[in-house]
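The task is simple: from the sequences and hints, build the whole structure.
Note that the protein sequences, when read in sequence, are chains A and B. Just so you know, we're using our numbering here: the first sequence kicks off at 4 and counts up by one. Just so you know, we're using our numbering here: the second sequence kicks off at 2 and counts up by one.
Hints are computed from structural coordinates only; laboratory data are not their basis. Note that beta-carbon positions come from the ideal geometry of N, C-alpha and C, so glycine has one too. Just to be clear, a hint being listed does not mean it is correct.
Said to hold, decoys possible - Derived, one-sided and incomplete: chain A residues facing chain B with beta-carbon distance under 8 Å:
#, residue
1, Pro93
2, Asp101
3, Phe105
4, Leu114
5, Pro179
Claimed, not checked - Between beta-carbon pairs, the in silico distance windows are:
#, chain 1, residue 1, chain 2, residue 2, range
6, B, Asn47, A, His124, 49 to 55 Å
7, A, Asn47, B, Leu188, 49 to 55 Å
8, B, Asn47, A, Ser148, 41 to 47 Å
9, B, Ile195, A, Asn47, 42 to 48 Å
10, B, Asp180, A, Lys142, 54 to 60 Å
11, A, Pro100, B, Glu39, 46 to 52 Å
12, B, Pro151, A, Ser148, 40 to 46 Å
13, B, Ala4, A, Gly87, 18 to 24 Å
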Amino acid sequence: MTRPPGSRPTVSAAGLALRYRGTRAVDDVTLRLTEGVTGLLGPNGAGKTTLLRILATATPPDNGAFTVLGHDPSTVRGRQDARGALGYLPQNPGFHPDFTAFEFIDYVAILKELTDRRTRHAEARRVLDAVGLADVRGKRIRKLSGGMRQRVALAAALVGDPKFLVLDEPTVGLDPEQRMRFRELIAEAGEGRTVLLSTHQTEDVAMLCHRVVVMDKGRVRFDGTAAELTAVADGRVWSSAERQPGARAGWRTGTGEFRNVGDPPAGARLVDPTLEDGYLLALGGDTPAEVAA
Amino acid sequence: MAAALVRPTLRSLPWRLFASGWGVGLVMAAVPVLFSMELSAPVLVNVVRAVALCGAVGMAFVLDDPARHTTGVSPVPRPLRQALRVAVVWAVGAAWWAAVLAVIRVGVEPARWSALPSGAVTVEAGALFGLALALAGAVVRFSETRLPGPAVAGAVLALPIAAGALLPPRFALFVPPGDPRWANSHLLWAGVLITMFATWMACGPEPRRRFGGGLGFRRGAVG
Numbered sequence: 004m005t006r007p008p009g010s011r012p013t014v015s016a017a018g019l020a021l022r023y024r025g026t027r028a029v030d031d032v033t034l035r036l037t038e039g040v041t042g043l044l045g046p047n048g049a050g051k052t053t054l055l056r057i058l059a060t061a062t063p064p065d066n067g068a069f070t071v072l073g074h075d076p077s078t079v080r081g082r083q084d085a086r087g088a089l090g091y092l093p094q095n096p097g098f099h100p101d102f103t104a105f106e107f108i109d110y111v112a113i114l115k116e117l118t119d120r121r122t123r124h125a126e127a128r129r130v131l132d133a134v135g136l137a138d139v140r141g142k143r144i145r146k147l148s149g150g151m152r153q154r155v156a157l158a159a160a161l162v163g164d165p166k167f168l169v170l171d172e173p174t175v176g177l178d179p180e181q182r183m184r185f186r187e188l189i190a191e192a193g194e195g196r197t198v199l200l201s202t203h204q205t206e207d208v209a210m211l212c213h214r215v216v217v218m219d220k221g222r223v224r225f226d227g228t229a230a231e232l233t234a235v236a237d238g239r240v241w242s243s244a245e246r247q248p249g250a251r252a253g254w255r256t257g258t259g260e261f262r263n264v265g266d267p268p269a270g271a272r273l274v275d276p277t278l279e280d281g282y283l284l285a286l287g288g289d290t291p292a293e294v295a296a
Numbered sequence: 002m003a004a005a006l007v008r009p010t011l012r013s014l015p016w017r018l019f020a021s022g023w024g025v026g027l028v029m030a031a032v033p034v035l036f037s038m039e040l041s042a043p044v045l046v047n048v049v050r051a052v053a054l055c056g057a058v059g060m061a062f063v064l065d066d067p068a069r070h071t072t073g074v075s076p077v078p079r080p081l082r083q084a085l086r087v088a089v090v091w092a093v094g095a096a097w098w099a100a101v102l103a104v105i106r107v108g109v110e111p112a113r114w115s116a117l118p119s120g121a122v123t124v125e126a127g128a129l130f131g132l133a134l135a136l137a138g139a140v141v142r143f144s145e146t147r148l149p150g151p152a153v154a155g156a157v158l159a160l161p162i163a164a165g166a167l168l169p170p171r172f173a174l175f176v177p178p179g180d181p182r183w184a185n186s187h188l189l190w191a192g193v194l195i196t197m198f199a200t201w202m203a204c205g206p207e208p209r210r211r212f213g214g215g216l217g218f219r220r221g222a223v224g
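So, in structure tokens, the structure goes:
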């Protein structure tokens, strides 16, 4: 496991495991998160959401232990303290559609134990301003666009200035402009906080994350920086006029040539790898050690 | 904390769904009054039971919460959040039940009203409401669903009917007034009421450990 030098882990997990429908959704995951944005990449069904739900204290694990900012969620007190210190944006956030954005955030603030009305309202205004929804805070959630609702969910996660932020595919379903805006918000949120961001988009990771964790079949396949993940594909990406049967992955590009990832044949025309190439190769590893940086 | 939560809890409840069940029940109770029907005590009790079932179907939606996953990871414990919802809905439900009995009383002669065991049928109604609550609590406890209401409403309709059809005479629940089994059946109803409440309370706390594993549904759901 690699992490930026000198940074202290804020979230530590050891041997986390959870079975779901007879499969190991999360299988012996050990992880240490530090301040900044960590990207969690993986295909559908890799176990990303389950891992995020465990770390957000939304689902208890079958095995393993973890701490969030020093709190142990396996105790009642520890879980309450951990929840007070974290913010969670689930994969499909739901709302009370008749609430206005402000009312909903105010409700979340009460649930975060902000009991003083004035303080709470100030906090609701602060987080709605932070996500750029100050102008529509009096609008009912049912009348907001999908992107705005997603921002309401991010605002809800930011209530109480949590030091650990868990974001499960926050940019899914957003148009490119909204996605850029959201990336900016996440980058801002990552200053002075530990942010764990689950995503399918390697662009999100390349732009936002100081560190990348790749998961597949419930296990961590790679843990390192984005540059290290890209470096996994050094000398293993080549272009060709025909599809290469020996390539681990290959696809036709806009130029009509094929881009191949895997072990190149002799004399292959090597090209510069991208983060996505490294990601594809990381997924292909049979054992976590094969591609760990 | 709890005081601050009352207002948003009130606003977050699916009042239209409660009102649908309660409204149908109230109309059902009003029919004999509106049409000046003279019903015998057993028929009247069965009408009251049907009305109670409508109310219970409405109450099946008490734990429906579309924002469950967005608000579930909060320091306020789930039992407190659920208890607030239940307290509010049951308070209004109690008022509705009093209104139902009042409507029925209007259409019944005083002598027949005194023969109507209103306390006993109130226990039956409470047990049916408790059934809705226990089922909703169990669905929330053992699944990730945000809206347990539709499934629970179906079960609330089906289970009493199945119990009426399948339970042996000794344990009959739907006994006509004057039947020698009346007292025993109401002990059974009281038992159901207590069991349902106990079930809901047992399902309330969020689990700190999952148990079992791999049976195909998420035991230990929180939020």
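These are the hints, each one checked on the structure:
Taking 8 Å as the C-beta contact cut-off toward chain B, the hint placing Pro93/A at the interface holds, the least distance being around 4 Å. This hint holds: Asp101/A has a C-beta 7 Å from the nearest C-beta of chain B, less than the 8 Å allowed. The closest approach between the C-beta of Phe105/A and any C-beta of chain B is roughly 12 Å, which is over the 8 Å cut-off, so the hint fails. Annotation: Leu114/A was flagged as interfacial toward chain B, and the flag holds, the nearest CB pair being 4 Å apart, inside 8 Å.
Against a cut-off of 8 Å between C-beta atoms, the interface hint on Pro179/A is violated, since the closest Cβ of chain B lies about 25 Å away. For Asn47/B and His124/A, the Cβ-Cβ distance of about 53 Å falls inside the hinted range of 49 to 55 Å, so the restraint holds. For Asn47/A and Leu188/B, the hinted distance range of 49 to 55 Å is satisfied, since their beta carbons lie about 54 Å from each other. At about 51 Å, the CB distance of Asn47/B to Ser148/A disagrees with the hint of 41 to 47 Å.
One distance hint, 42 to 48 Å for the beta-carbon pair Ile195/B and Asn47/A, holds here, with the actual separation near 46 Å. Checked against the hint of 54 to 60 Å, the pair Asp180/B and Lys142/A passes, with Cβ atoms roughly 59 Å apart. About 47 Å separates the C-beta atoms of Pro100/A and Glu39/B, a value consistent with the hinted range of 46 to 52 Å. Checked against the hint of 40 to 46 Å, the C-beta distance between Pro151/B and Ser148/A comes to roughly 28 Å, which is inconsistent with it.
Between Ala4/B and Gly87/A the beta carbon distance is about 19 Å. The supplied range of 18 to 24 Å therefore holds.
Consistency note: the structure conflicts with the earlier hints numbered 3, 5, 8 and 12.
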